[in-house]
Every structure is written in structure tokens, then in C-alpha cells.
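Asks: The primary structure of each chain is shown beneath.
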Amino acid sequence: AQSVTQLDSQVPVFEEAPVELRCNYSSSVSVYLFWYVQYPNQGLQLLLKYLSGSTLVKGINGFEAEFNKSQTSFHLRKPSVHISDTAEYFCAASGGYQKVTFGTGTKLQVIP
Amino acid sequence: DTGVSQDPRHKITKRGQNVTFRCDPISEHNRLYWYRQTLGQGPEFLTYFQNEAQLEKSRLLSDRFSAERPKGSFSTLEIQRTEQGDSAMYLCASSLRVGLQETQYFGPGTRLLVL
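Residue numbers (the numbering used here), protein chains in the order written: chain A, 1 to 112; chain B, 1 to 115.
Everything labelled a hint here was simulated from the structure, so no lab data went into it.
We put the CB at the ideal spot given by N, CA and C, even for glycine.
Any given hint might turn out to be false.
DSSO-like cross-link-like pairs, simulated, lysine-lysine; straight-line CA separation at most 30 Å [to be verified]: (1) B:K11 x B:K57; (2) A:K49 x A:K107; (3) A:K49 x B:K57; (4) A:K49 x A:K69; (5) B:K57 x B:K71; (6) A:K107 x B:K11.
To spell it out: a stretch of chain B is covered by chain A in this simulated footprint if at least three of its residues, at any positions, have a beta carbon under 8 Å from a beta carbon of chain A; those stretches are [said to hold, decoys possible]: (7) 41-49; (8) 101-113.
Simulated coverage check for chain A against chain B, where a stretch passes if three residues somewhere in it have a Cβ under 8 Å from a Cβ of chain B [said to hold, decoys possible]: (9) 32-46; (10) 99-111.
Start from the sequences and build out the full structure, keeping to the hints where you can.
Replies: If you want it as C-alpha cells, here you go:
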């Protein structure tokens, strides 16, 4: 079974500063990786996904993530955050079928 | 809007009552998932359907929980004799599996509060 670790439960960052949200996953023969964003009292919105191909994945809202197989990581980055990026971010992994395993989430707090 | 929809968005009930939630997936998606999310946690898998067949159930899904997808389209999740520990956000997701690749799209969730 997959496991996903998000070590940072909260990340405060000033507006227009860069941010990196960390995610590590347990290795598997094949793994598909996702980042979702959740705004208060809402469901999850897909930010980006890695299924195969290029290890640098670009998503919506200016976010990108890099798949690093040797470090079993899939960190999320944005070069300049905006107040509207304040939300909770979930990293998730799948073995290619069936259920997705989620991390415990990282709350991004953008400070004006 | 052709995304995943869930109804109701909020439900308050008294302990011991039964509740039923509905999920309407994206129309061409053949897979439908239910997750539960408690405060401060990521979503936890409950069960999933491929078309109308329920293919897997988590150990989290006690026998008070039942899910159906009778015609392979919408799904319902029923909780009988609710307990305070059932208070959570219940999320539905749907997907279309293509080969080995699959991306799940989530609905807005139903937030349940058991008093």
C-alpha cells in the first residue's frame, strides 16, 4: 500500500515570496502522484498530476512540482504566492488503480 | 457545470438517526469513490465502484455504512444509527480509467455533524 508524508502541517509565507510544500511517498513499482488544493468548506481541486513522462509537471495557478524517483519526493513549488493561494494542499499517490492515498495536508498561509 | 456534485452540502442530525448522501459523478466516468475527511486529516478511502459493482471496501466502513450505485451513475452513501464519531466531511470522486492511468475529480463534499 502507498503511503504519503507531508512533514509540514503549516507553512507561513509572505505574499510574492516563493514557496515549496514538501511531499514524500513510499516507493512502488509504478506510482502516480497528485497535488490537490482545498479551500475552506470545499472539496478538493486537482492542481497537477504526474502520470509519466517529464518529471517537471506544471499545474494550474502557477504551481509546478518535480517528481524525484531517487528521493521519492514530489514537492510543490510556486515562485511567487498570492493571498488567494491561502488554502490546504494535499499530496496524494496511487499505484495506478483503485484508491488514492492522501497525505495529512499542509496549510499554506500567505501573509500580506 | 459538469463536475461532480454532492447533496446535501451540510447535514446536522441527532445521534441514532439515519442519513443518506448522494453523489452525481461526471457523466462519462465509470469509477466512483467515497472518502471521509476528519478535521486536520487528509481524505481516507471508504469504498469504490466500477460501474454498478462495488469492488473494494475499507475497514473504516463499518456495517452501519452502506453504499450503492444501482445503475452505474449516481451513488448513495447511507449511515445508519449515526454516532458522534461519524461527524466528518464525506467526499465523492469520480474517474475514467484509461489503461493504467486514472485521475480522480472530487465533489464539494457533504459535511455531517452528529449531535
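Asks: Which constraints among the numbered hints does this structure fail? Numbers only, ascending.
Replies: Nothing - there is no hint that the structure violates, so all of them hold.
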